[in-house]
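Read top to bottom, the protein sequences are chains L and U. Counting with the working numbering, you get residues 121 to 193 for the letters of the first sequence. Counting with the working numbering, you get residues 32 to 228 for the letters of the second sequence.
Hints were generated in silico from the structure; no laboratory data involved. Remember, predicted model here, so these are calculated numbers, not experimental data. Each residue gets a CB set at the ideal place from its N, CA and C atoms; glycine is no exception. Take the hints with a grain of salt, since some may be wrong.
In silico EDC-like links for lysine to aspartate or glutamate, alpha-carbon gap of 20 Å or less [unchecked claim]:
no.: 1; chain 1: U; residue 1: K179; chain 2: L; residue 2: E163
no.: 2; chain 1: L; residue 1: K123; chain 2: L; residue 2: E172
no.: 3; chain 1: U; residue 1: K225; chain 2: L; residue 2: E163
no.: 4; chain 1: U; residue 1: K225; chain 2: L; residue 2: D162
no.: 5; chain 1: U; residue 1: K222; chain 2: L; residue 2: D150
Here are the computed distance ranges between Cβ atoms for each label pair [stated by the list, open to error]:
no.: 6; chain 1: U; residue 1: M164; chain 2: L; residue 2: S181; range: 31 to 37 Å
no.: 7; chain 1: U; residue 1: N101; chain 2: L; residue 2: G188; range: 36 to 42 Å
no.: 8; chain 1: L; residue 1: N139; chain 2: U; residue 2: R176; range: 51 to 57 Å
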Amino acid sequence: MMKKEEFIEEIKEILLIENKVDENTGIEVDSMASLLLIAFYDENFGKTITQEEIKKFKKISDCIHFAGIENFD
Amino acid sequence: MIRNTMNPKFDELHNSFEIEALNVTAKNYLFLNQAEKKIILEYRNHPAIRDKMVNSNLISKESHFDFLQNLKEKKEGHWILRNEKKIFGALNLTKYDEKTDSFMGGNYSNPELIGTGIGFALNFVLHKLVFEMVESNQMRAIIQRNNKNAVRMNHVFGGILEDNFKIGQEAYIEMIFKKENWTSIKKDTFKYMKYVF
């Protein structure tokens with residue numbers, strides 16, 4: 121199980137976000153980031169997602185909800 | 032297998048090849064049928080593709096067919112790529128530099144596949160081609176500086192910034208990639224291929 125803070129740091133690294141974020145921070149997912157996210161969800165949560173679905177993510181909270189709140193420490 | 036020069040690197044440029052592990056076949060432009068010749072021109076002239084190229088002008092049918100006709104005399108390679116029979120893009124190696132044993136590498140995708148991660152697959156195949164098949168020491172690539180997706184992807188493939196320059200109003204960077212880094216980069220990047228195909 122991953123800590124939520126750790127998850128957010130991973131997401132920040134994938135999305136190349138340097139500033140502080142919270143769950144309402146807006147995000148933009150390009151092709152490279154979506155590929156890294158797909159691999160991240162698969163490797164860490166066993167979850168499958170498509171590029172089309174990931175590109176609909178608009179906020180950090182979308183990333184968290186897809187991972188599933190129940191999967192965090 | 033074409034052997035027509037004293038330089039094995041240039042001979043390899045005129046061959047077609049397969050990457051079984053990825054179910055990818057690469058057909059050299061020298062062997063394209065008429066339909067394939069038209070398709071690659073359509074792709075290359077698509078606005079979403081040519082806007083990312085150094086030469087963003089429309090290529091006429093005449094100059095395209097002249098280019099294909101003259102290719103066998105040139106020391107460069109161009110390939111159309113298929114995965115499970117679907118054409119997903121094109122690769123090229125041009126402008127060989129004997130001093131650095133390097134080619135300029137380029138690629139463009141089937142415009143229908145933009146945004147699917149197919150650029151990653153194209154780059155993986157390009158690196159495998161230049162470092163494992165042609166066995167060059169280095170590869171160079173020119174990328175539009177504001178194409179953040181491409182700049183980032185080239186970093187993932189081990190690109191090192193070599194130069195910044197402008198052509199007209201458009202800013203570009205040149206990156207180099209080294210054969211000595213390919214083994215570890217291949218290991219890091221191969222795992223993403225299953226998410227593309």
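Hints, one by one, checked against the model:
1. K179/U / E163/L: Cα-Cα ~25 Å, so violated.
2. K123/L / E172/L: Judged against 20 Å, a Cα distance of about 27 Å means the pair is violated.
3. K225/U / E163/L: 13 Å, holds
4. K225/U / D162/L: Status holds; Cα separation ~11 Å.
5. K222/U / D150/L: 19 Å, holds
6. M164/U / S181/L: 31 to 37 Å: 46 Å, violated
7. N101/U / G188/L: 36 to 42 Å: Given about 57 Å between the Cβ atoms, the range is violated.
8. N139/L / R176/U: 51 to 57 Å: Since N139/L and R176/U have Cβ atoms about 22 Å apart, the given range 51 to 57 Å is violated.
Hint check: violations occur at hints 1, 2, 6, 7, 8; the rest are consistent with the structure.
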